[in-house]
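Number of protein chains: 2
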Amino acid sequence: MLQVELVNIGTELLMGFVVNTHASFLGRKLCNIGATLVRQTCVNDTADHIRASLEAALAGSDVVISTGGLGPTSDDITRNVVADMLGLKMRVDARAMENIETRFRRRQVEMPESVRSQALVPEGATVLYNAHGTAPGLAIPISNRRARWLITLPGPPRELNPMFEDQVLPLLVQQFQNQLPISDCRIFRVVGVGESSVEERVESLLKDIPGIEIGYCARSGEVDLRLVIRGEQQNEVHRWAQEAEARARKALGDTIFAVGDTSLERVVVQLLQTQGKLLATAESCTGGHLANRITLVPGSSQVFREGWITYSNHAKAKHLEVPGHLLSEHGAVSEPVARAMSEGALRKAETDYALALTGIAGPDGGTAEKPVGTVFIALSSKHHTEVKHQRLQLDRETFKFAATQTALDMLRKELLKA
Amino acid sequence: MLQVELVNIGTELLMGFVVNTHASFLGRKLCNIGATLVRQTCVNDTADHIRASLEAALAGSDVVISTGGLGPTSDDITRNVVADMLGLKMRVDARAMENIETRFRRRQVEMPESVRSQALVPEGATVLYNAHGTAPGLAIPISNRRARWLITLPGPPRELNPMFEDQVLPLLVQQFQNQLPISDCRIFRVVGVGESSVEERVESLLKDIPGIEIGYCARSGEVDLRLVIRGEQQNEVHRWAQEAEARARKALGDTIFAVGDTSLERVVVQLLQTQGKLLATAESCTGGHLANRITLVPGSSQVFREGWITYSNHAKAKHLEVPGHLLSEHGAVSEPVARAMSEGALRKAETDYALALTGIAGPDGGTAEKPVGTVFIALSSKHHTEVKHQRLQLDRETFKFAATQTALDMLRKELLKA
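Heads up: the sequence lines are chains A and B, in that order.
The numbering of the first sequence is my numbering, which starts it at 65 and goes up by one.
The numbering of the second sequence is my numbering, which starts it at 65 and goes up by one.
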């Protein structure tokens with residue numbers, strides 16, 4: 065099996081002012097070609113630490129990927145540490161230099177002299193040109209260690225991600241054809257059921273399947289069930305993977321919203337697109353989080369045209385025609401107000417569906433009767449309005465995600481009926 | 065200096081279906097007490113790998129913190145691996161068991177038998193009770209290795225984060241008083257200037273300050289400048305830190321929006337609160353991202369009452385009274401339409417300020433004249449509307465962040481004038 069180790073370089077990752085998304089991105093992409101990310105290590109921008117981590121990784125894996133430290137500032141030293149460690153001379157790469165100059169010219173900002181250092185590359189390295197930034201990546205063949213390749217990539221995800229997909233993955237597939245195992249990895253995305261319940265429903269049904277590895281990953285409002293089947297024969301692995309999927313689907317039904325790398329909002333937008341339906345949103349406590357999730361999906365403008373954020377009672381009455389007596393009798397956080405918000409949004413936007421949320425995100429604003437975390441979620445169609453009541457004891461950000469997760473799932477189930 | 069090492073346990077972190085936010089959170093909190101996160105390693109849920117990583121960390125640092133693998137499912141084995149490695153017997157902790165039972169009773173869901181295993185703790189360990197979940201953390205004193213404490217924490221951030229702040233940090237401060245160094249760490253959050261320009265402006269001014277360490281961290285639409293001063297004497301360290309801050313502020317002016325752990329939206333909400341001003345938003349291309357950022361700030365309901373998401377031309381005309389001839393003559397993505405959107409939002413919401421964004425997030429929808437990434441950002445007050453035009457060549461999510469970053473910064477600068 066092709067074993068890959070990741071070394072993230074950057075004091076900022078250990079000082080905590082940036083979240084490291086590289087392991088998540090690379091792990092997912094490597095899993096898809098049958099390679100395994102066996103370890104990830106993060107070190108600070110010190111030559112000794114970088115070198116020690118890279119040496120340990122080069123001794124223990126087939127491929128080592130490093131991220132970060134390729135930029136123009138004085139703490140970017142990966143390039144020099146690697147050249148020094150491997151005894152490689154540096155040369156100026158003309159195409160990398162041209163890319164740097166072109167990017168600055170196009171942005172019409174003055175070019176600091178220091179950025180030119182990014183065009184220095186070790187001799188013998190394959191240069192991975194950067195379509196989204198100035199620092200090129202490097203793929204360096206290794207001869208005197210266990211690892212056969214050291215691949216250094218720039219830190220910013222918007223530069224690293226396309227470089228990895230377009231240049232590194234094809235290189236790995238070509239170089240390690242024989243080492244990529246026969247395996248089938250399927251990740252079932254489950255919504256509306258807890259982790260323990262998912263395990264109780266599937267574990268006994270799945271555990272006797274030959275070569276299976278079962279994993280669970282719980283997030284707020286979502287559980288991933290990961291099934292990997294390994295074996296000797298392609299057709300056997302495929303057959304058992306199909307069998308495992310059939311059993312998982314039987315046990316979990318329509319709580320599985322997708323298989324693989326997607327999001328609930330993407331699934332919902334696709335269903336709306338396929339059925340040619342329009343959606344409007346009316347949000348109080350989630351403050352635009354639902355609309356933001358929907359509009360993160362490319363092409364969502366075909367199905368989503370307008371939404372309201374009505375934090376105040378006044379805005380609920382004015383824009384969504386929520387009757388004043390409902391607000392005064394039941395309060396803004398109530399079943400009747402959620403219902404009136406989604407029906408108002410449906411009417412005003414003239415859409416096929418509307419989703420509305422009203423609740424108390426916290427940390428303040430709760431009462432004994434309606435504690436922090438209380439939320440009412442309404443889905444309206446032309447014929448019917450359904451309201452769910454939940455209590456989500458979560459921080460503000462997770463509350464928003466979990467509440468909009470329920471809203472999206474209500475709409476998904478409604479669209480599946482059609 | 066107190067050196068801390070972090071070991072994240074979880075195959076899901078290496079398979080890529082969850083982003084590891086622990087290093088970011090813990091690194092920031094440790095930096096605040098003068099401790100240093102020297103390394104972070106992520107391993108899968110295999111007993112051998114967990115044990116090898118923990119042993120390496122216990123040999124190289126003063127404190128080792130592990131995350132994950134304390135849950136109820138079959139791949140949660142951290143507790144047993146640790147007890148086995150350290151030769152500790154397990155006991156049932158009555159209070160942890162009570163917490164588990166109470167949580168299930170309150171959620172009114174049936175309790176799977178497997179969750180009881182989470183109340184098993186090694187003898188001699190201090191139990192860190194979990195206010196937000198069922199798995200307790202453990203603080204285990206270590207006698208025969210370099211490290212003096214091994215602290216195991218649950219994986220979900222909403223459980224780990226409060227447990228770390230409320231229980232682990234006080235323990236570390238109490239146990240390691242003498243090892244916490246004299247240092248001053250200040251992080252300047254800069255908006256509207258690139259990383260290279262920040263370095264060019266400050267590096268030569270700061271580098272001769274005794275005991276200084278300068279670091280830069282670039283994100284889309286933001287740069288962090290990190291200054292750490294170390295020394296022998298508290299008053300000297302403090303004096304040089306003040307001097308460094310004065311020089312950084314002189315060089316960077318009002319592009320510094322904050323010092324330390326906050327967000328631009330939090331700074332803007334605080335300015336609005338202090339000045340008693342109200343804000344409305346009108347979003348096209350950002351689809352609720354701006355409103356979502358603002359409403360992530362607790363207490364934002366005092367300054368933000370309503371917002372619109374007007375993806376379609378029809379919605380722009382209907383809700384924000386954007387004149388039809390502007391839309392047909394200039395197109396929805398134009399300076400006049402951005403201006404009309406923010407002035408319409410200001411008028412309809414009767415607020416002191418309104419922000420509006422219209423642009424092309426991509427990946428499709430661009431033209432030669434208005435390529436993907438074009439965005440017009442408008443800020444209206446009663447007397448004046450200002451419109452900025454940007455071209456942000458970014459993926460959809462980063463585009464939204466960078467565009468709303470500019471919008472928030474326009475409002476911040478306006479509020480600073482008042």
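Everything labelled a hint here was simulated from the structure, so no lab data went into it.
Certain hints may be false.
[To be verified] Cross-link-like lysine to aspartate or glutamate pairs, in silico, EDC-like; alpha carbons within 20 Å at most:
#	chain 1	residue 1	chain 2	residue 2
1	B	K93	A	D459
2	A	K477	A	D459
3	B	K412	A	E385
4	B	K271	A	E450
5	A	K382	B	E119
6	A	K382	B	E407
Hints and how they fare:
1. K93(B) <-> D459(A): Roughly 18 Å between the alpha carbons, so the hint for K93(B) and D459(A) holds.
2. K477(A) <-> D459(A): violated, 27 Å
3. K412(B) <-> E385(A): holds, 15 Å
4. K271(B) <-> E450(A): Distance of about 63 Å is beyond 20 Å: violated.
5. K382(A) <-> E119(B): violated, 63 Å
6. K382(A) <-> E407(B): Roughly 18 Å between the alpha carbons, so the hint for K382(A) and E407(B) holds.
The structure is inconsistent with the numbered hints 2, 4 and 5, although it conforms to all the rest.
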